[in-house]
Structures are given as structure tokens and as C-alpha cells.
Amino acid sequence: MIDIQNLVFSYRNGARGEASGFGMRIEKFTVPKGISAALVGPSGSGKTTLLGLIAGTLRPSAGSINVNEWEISNCSENALVKFRLHYVGQVFQTFELLNYLTVIENVMLPWFLAGSGRKAEKLERARELLASVGLESKALSRPDALSQGEQQRVAVCRALFNDPALLLADEPTGNLDQGNKQKVVDLLRDQARRHNSTLLMVTHDEALLGQFDMVFDIYSVAASLHGDSI
Amino acid sequence: MIARHRIAGLRWLWLCISLTIAACGDTERDGVSGVVAEASASGGLVVASNYPLYFFAVRATQDIDAAPEIVLPDFDGDPTEWIPSEEQIQLLQLADLVILNGAGAEPWLELVTLDRRRLSETAAALADRLIPLHDSVLHQHGPEGDHSQQGSAFTFWLDPQLAIAQAQVVTEALALLTPAHATRYRQNMAVLEQELMELDRRLADVFTNWNDRPVLFSHPVYQYLQRRYGINGASLHWEPDARPALSGWADLRQRLVSHPATIMIWEQAPLPDTAARLASQGIVSVPFHTIGNRPTQGDFMTAMLENAQRLETVFRTDDQRTDNP
Amino acid sequence: MSGVLLLSWRYLAHHRAKSTILVASITLMLFLPAVTRLLVEDSAAALTARAAQTPLVLGASGSELELVLNTLYFHAESPPVIDSRALSDARETGLANFIPIYARFHSQGVPIVGTTLEYFDFRGLSIANGRQMGLLGECVIGAAVAARRNLGPGDSLISSPESVFDIAGVYPLKMKIVGVLEANGSADDEAIFADVRTTWIIQGLGHGHTDLDDPEAAGTILNRRDDMITANAALTQYAEITRENISGFHFHGSADRFPLTGVIAVPPDQKSAALLRGRYQANEAGLQLTVPGAVLADLLATVFAVQNYVILGLAVLSLATVAVITLVFLLSQQLRKGEFQTLSRIGASRAYIALLIASEIGFVFVIGFVLATGLTLVTRNYAMQILQSFLTL
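Chains as they are written, first to last, in the working numbering: chain A, 106 to 335; chain B, 74 to 398; chain C, 3 to 395.
Keep in mind the hints are simulated off the structure, nothing from the lab.
Restricting the straight-line Cα-Cα distance to at most 20 Å, the calculated cross-link-like pairs of lysine to any residue (SDA-like) are:
#1 C:Lys176 x B:Glu159
#2 A:Lys187 x C:Ile355
#3 C:Lys178 x C:Ala149
#4 C:Lys176 x B:Glu183
#5 C:Lys178 x C:Gly132
#6 A:Lys224 x C:Ser4
#7 A:Lys227 x C:Leu8
#8 C:Lys339 x A:Thr153
Covered by chain B, per the in silico footprint, the following chain C stretches (three or more residues, Cβ under 8 Å):
#9 112-125
#10 132-141
#11 241-251
Every residue, glycine too, gets a C-beta built ideally from N, C-alpha and C.
This is chain A alone, in the form it adopts within the complex:
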């Protein structure tokens, strides 16, 4: 379950993180556990920011963020790293696969970062995931040899590798054709359902909204803030 209360976030500029004078306020935002939710809104409205706050890659100035038993807003940096590595699976609009790794190595990237668990078991897990998306034969290929749809499916496999409790997908279908869009959405929803994971997916595609349990409009979740104090 995602629970945000009285959150304030300030956007920062440059390497020194100077206050930009813009921010966001969320009074209350809750996504129950095991729910597949969509988050809609225009570009620049803060959807990616919200996902970042939930994943712990961005820090709020005030308020609380809880994801199940994790108090994200109060965690140390190391704790947040563990949180993302073992608890969260993320899918990005631009896939963000590493071209110097093979497809199967990309799927296993969380294992490389964590460094725990037997390699044989992890390798088998990766093969199963690739097989589930019909890409087992491409295991040893490089990402740039795959189509966009194939790449995004690999990214989904990577996100699902650690059986995450929370799936965050930021416009995963933005660069895909219709057929592949549906495949990706089906994958995410199927995972959420089977593992009782919470799925929060940012999308512009209204045709997909009907497949989600809940749909949130960003403007109903967050209010923009302006001023020198932000």
C-alpha cells in the first residue's frame, strides 16, 4: 500500500540543488495494496516526480511517504537503495537497458547490484521471465538488436526479476505500437495480480485506462506550489 500524507516537494536546480521556486504539495494520496492504478495528467504536471518520491529517488521537504512497512520519507540513503533493489520494480518510458550487457544480463541486473543469491537460480529466473514474454531465444542478443517492443518487454522482465511488492511504470507504452502496448500492460497487470503487488503506472493512453482498478488524475492528487520559499 502507498500512503502519502501532507507531502511537500521542492524542485531544485543545478548541481548545488538551489531552490527553483517551484514545488508540489500532496495532502493525501493512497493506493491500496494489490491494486493496479493508473496515473494520468499532462506533461510536466509532476507524474514522474511523484513516482520518484514513491521510489525514494527524490526526497520530500516535508510530509510522509509510506509504502507498506517502509517509511520512505525517513529512510537513510542505504535503506532506500535496498528498498528499490528488493522491493520495487521500475519500468521506464525509454526502456533504459544497458547496451553493453546481453538481454539476459540486463534482466539479471538487480542481481548484479545486490550480489546475493546463487547465480544458477537467478539465471533460471531470468530465463523463465524471458520465456514468459517470448524472448528466450534473444537471451544472448544485445538490446540494440531488438525492436522497441522487445526492449520494453525485457525492461519489464528486469522490473519483475526480484518479485517486487511495488511496480512503478512511467509511461512504459509511450514508445510502443498498439499491439505491444497491450502486451506490456497485460504483463504488468498479470504480475500485480499473481503476486498481490501494487502497480502504479503513468500513462497518456486513455484506451488503456479501463483496464486498471483505479485511475488518478495528477491534479486531483497534487497541487503545484510557487514562491521563493519553495
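Chain A is already provided as a structure; the job is to place chains B and C on it using the hints.
Below, chains B and C alone, put in the same frame as chain A:
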């Protein structure tokens, strides 16, 4: 300079192997490989360049255990025309000491590569007593000037006094090589010296009684004998195993006018025809072996004593003949 | 840890061009000063060892360095010579063992060294294959010469004329190879050794020709009177010494005038060495007695000074290389910002990413170091042969 080396076991092993492999057809003729087994048990290897030196060295080391092995390379024909074979050169290079006659007796030295430190030349002790030779052919070509291969007479050993001097050089060279046996070498040499002194007295008697009567020599190889006993001699160039040419006989007749010899001394017995023809002219032939090579029987001393015996016989007979024509 | 290493290795392997350039830069940066130093030290050690083994060298007055280089390394074009009388006179002193050297001629660039058997004892040279030279016209060759020219006992070689137009001077002499020396890692490996008299024959100071009494020589006789025979230049002279014609070989003139390029003197003790040096101190009769170790020490002092400047230059270059490599890595990090962000989002800590970068740098430096070490060892192995071939040219 003489090196005080001892041959190590490995060198002998090398010599055995190399000579065995390299000299299969020639070992008997070269006489080298037969030496190897004996030398391996001795205190070193000494090579003599001619028979008299070999004899002196053998007499010096006689009856001494672990004395160096004395070797005389086998060669056919005139020793002064000998060029050592490949195996013989290896033997000379391996030797701890090479005893040389010197005075041009070993022209092969100019052609062979040896370690100078291991050479001992007996002529060095006789430098002031050498008899120069002037019978080689001069030749000249181009602007380099004329040159010839001339030197000294080298048959020192025919003069017992010079033979003693040579033997002493040999003894001292051996003493330097194996100092442990020096005293024994000198003792052995003292015995030989006595024998050579006796030989000298015997030959002196022969020629003293001869009273300076003219004698012919078949070849100019008796210079030291001639000088030692004041022999009134003249040399021809007659080969004992060849009939002299008519010109040779004519030359003889001419010689006899000024040099009426009744005895001709040969380095070996001449052909019966030659001896008979000489006899018909009143000239008795008597062999006096120069002993440059190993004699077929006996040794240097026995051969010299036989020489002396023949001279005594012939000179006595000729004396009687002259007295009673 | 293995995850970091795998990711960093994969990154480097994927960006081959960049990785190769970085590795090559580091390899060169480490290799050049190391090999410079090693080569100089190795060559200095070799030069010093050979010089230390050679107590004294007697030769013509003039350049000590040239005398030492010719006598020890057989290296000189037209070296100055002394008469053999100097050798006889020296031997008469009894103060040392004197070994003649006549290193003037070559056979296809390989020096022909005329000497005596004492030289081989002195240098500790032994025969690996065949036998020692025994007759004039025979020679033994160094191990490197044998290997390079595929020569061995039974083969022959010919001395080279001193110049293309040298038709009336030095005679090409065909020499028979009778032995190959054991390799000993010195200039002796790169030389041909013959009896010093053989080298005098090459020079034309000795020769063999048809016997003047031989009918074959009849056409060359100009005059025959008593015991004097005069022949013209058409008389056949032998270009090869064989067992059949060797007895006809002889030398012209006084042997005391025959040339040597140097004499190695081996005194038995310090006192004899001091007496010898005192004897030749005045450089009379155009002779000098020199200590090879001292001469080479002077030379090496200069070499080391130059080496230091070279290494200083290379050090500055290395600093520049390191700066460029640092710049490359920094720029690379800038370009990979997005990749690091992805890793961070997935669950890589800052420390992990720092370790990743450090591993990449570490791989590049380790590979460069290993390659530099290997190259240095290989170069060092073959450098001595190259150095000796330079010294004997």
C-alpha cells in the same frame, strides 16, 4: 712457457669419443687412439715432435708411477714434410706439453694452431750452437721482395753433447709440468747422460783415429756430428733407395779430386748396386741412421750404439786397407 | 564484488576502441621508461662484465674507447694497428699472459677475429659442435652466427673485401668452419674466430701459390738463375687453404711487422699489472695500455646521464598521459550520467557506482601494467642480441 695443466677426466673422455668417432679409418695409421686408454690413467699427456725427443722423455719418466704419458705421433716418410692429421692436431692441442725440436725441424708449426704456453722448444737452449743452413731456394714475385724458407740444421741429437742438452731441456720441461716427480726425472736423466757421454767418447775415438781423412755424406744431415768430431766431410744429395743419376756419378768423380773420400756415410743402407759401384771406386758405404723416426728395432741408444759399432768396424777396416793398399 | 567486476569488464569490452586506446596509452607510459632503464642497465652490466673480465688492453696510441671497443667487441672500421713486435716485447717482460687480437676483417658483416687458442681459455669459450681450429684457413664461429646463417662444421665462409674497389689489397679467403662455440651471451657469439696468421693471409701478408718447380708454373717464370727464381703476377695464388696446398703457404717479410689491432694482457697479480701500467705509461713507441673497465665506466657515466634525461622526459609525458586519461574518464562519466541514474533507480548506491568506475579504471591500468611488463621482458630478452649486433657492426 709451459702450462702446469693436468688433463681432467672429461677432456680424456672427449678425446676418447672424438677420436673414436672421427678417426675410424685412420686410427692405426695415425697411431693416436691407441694412446688414449693409457693416457687416461696417467698424470698428463706429453707429445714429442720427433723420435729422439720422445726417447729422452720416455727415459726421463722411466719407472715412475703416474708420470705423464709420452706420445709420438706416427708419421710416414720425412718428419719435416709431415702435416699432422685432424686427429693428431687434436692430440697436440689436448697435450699438456708439446716438446719440439725447433730450428726448422717442424715446419708444420707454421700451419697448425697450438697453445703457445704448452710448447717447449729444445733448440732454445742451443741458440748459440745452431748451424745455419743456406741450401733452400729463394723465390721472388712482384714487389714484395724475395723470400725463402731457410733456417738451421736441426739434427742436434747426432752430437751426443747436444743430445744431452736437449735431454736436459726435456727433463726440466717435464719437471715443470709435474714437479712431484722432478727429482726422479733428473735422476733418470743423469743415467742417460752417462750413456750419452760414453757414446760421445766412443765416437770421438773413432774419428780421432781417423785423422781427419775425407768422408762423404749422402745428405747434408750430419752437420752436428761433423762439427762435434771435426769430420772432414762433404755432402751429396743421394737417396739411399734410388740409383744416382749419371750426373750424380760425374759430380762424385769431380768431388773426389779435391776430396778423396774412402768412406761414405748414409742415413740408411744404399742399394746394393750403388754400394757396389761405390766400392769399385774405393768408397765403402756405411749406414749411420739419423734416427729421426722410431727405429724398427731397439731404441735411440741401441741405434746410436749400432751406428758407432758400424763406424768402428768400417773405419778400422778402411784404416787397415789404407795402411795396406 | 563479482557483479561490479562483470559490469565494468562488460563496459570496457563493449567500448573496444576507447578501452584499447586507454590500455595502449598506459602500456606505453609504463613500458617506455621501464624498458629504457632495463636496457641501459642490462647493456651496462654486460659491457661492464666483459670489461671487468679483461684486465688490460695494449694497442695503438689514440682513442682508448676505440681500442677497447675493437678488442672487446670487435667493433671498428679500419682500426689502428700495432706491430707484432709489441707483442713479442710485451711477452719478454713476463708480467702477463698476452693474447693477440687482429679484428679488422669481416665476412658479410660478421667480424673475423684473428687470435690464438689462449683467447678461448681466457674467455671460457668451449666448442658446442665440431672441434677447435687446427690448421690455417680453419675457423670457429659464434653460436649466434651459426644460428643466423645456418652454418656448422663442414660449411665454409668467405672474407669480404674491405671495399668494392679493393682488387689489389685484401684477398677474399675461403675459410672452413670446423666448430661452433657454445653460446655465452657476449660479443663472442657474434664473431668468427681464426688463427691470427689466417687473418694475415687475408691481408695478403702470407699466401700460397703453385710450386715454382711445377710445370703448371712454367708460364709465369720470368727468370731462373742459380738459386733465384723470379715469377710474374700471373702465378696462381690460392684463395682457399686446403690440406693439399697448405704446405705451400708462407709469409712475406718479418713477422715482427705483422699487424695486430690489440693485445689482451692478463697479469697474474696486482703487482704485475702495476708494473705493466708503469711501463707503458709514457705511451712510447706509439703504444698505450688501457684499463677497459675505466674506459667503459666513463662511457657509461655519459650513457646514464642521458638515460636520466630521457626518463625525465618520459615522466613528463606520462604525466600528460595520465591527465588525458583522467579527462577521458571524466568525460565518460558525464556521458554515462543517464546510465548511472538508471542504476541508481534500480538500486545501485553511490558507493556501488563509484566502485564500478574504479573497477573500470583498475582494469585498464592492470591490463596496461601486465602488457607493459610482458613487453619489457620480451624486449629485454631480444634486446641483448640486438645490442651485440650493433656493437659488432
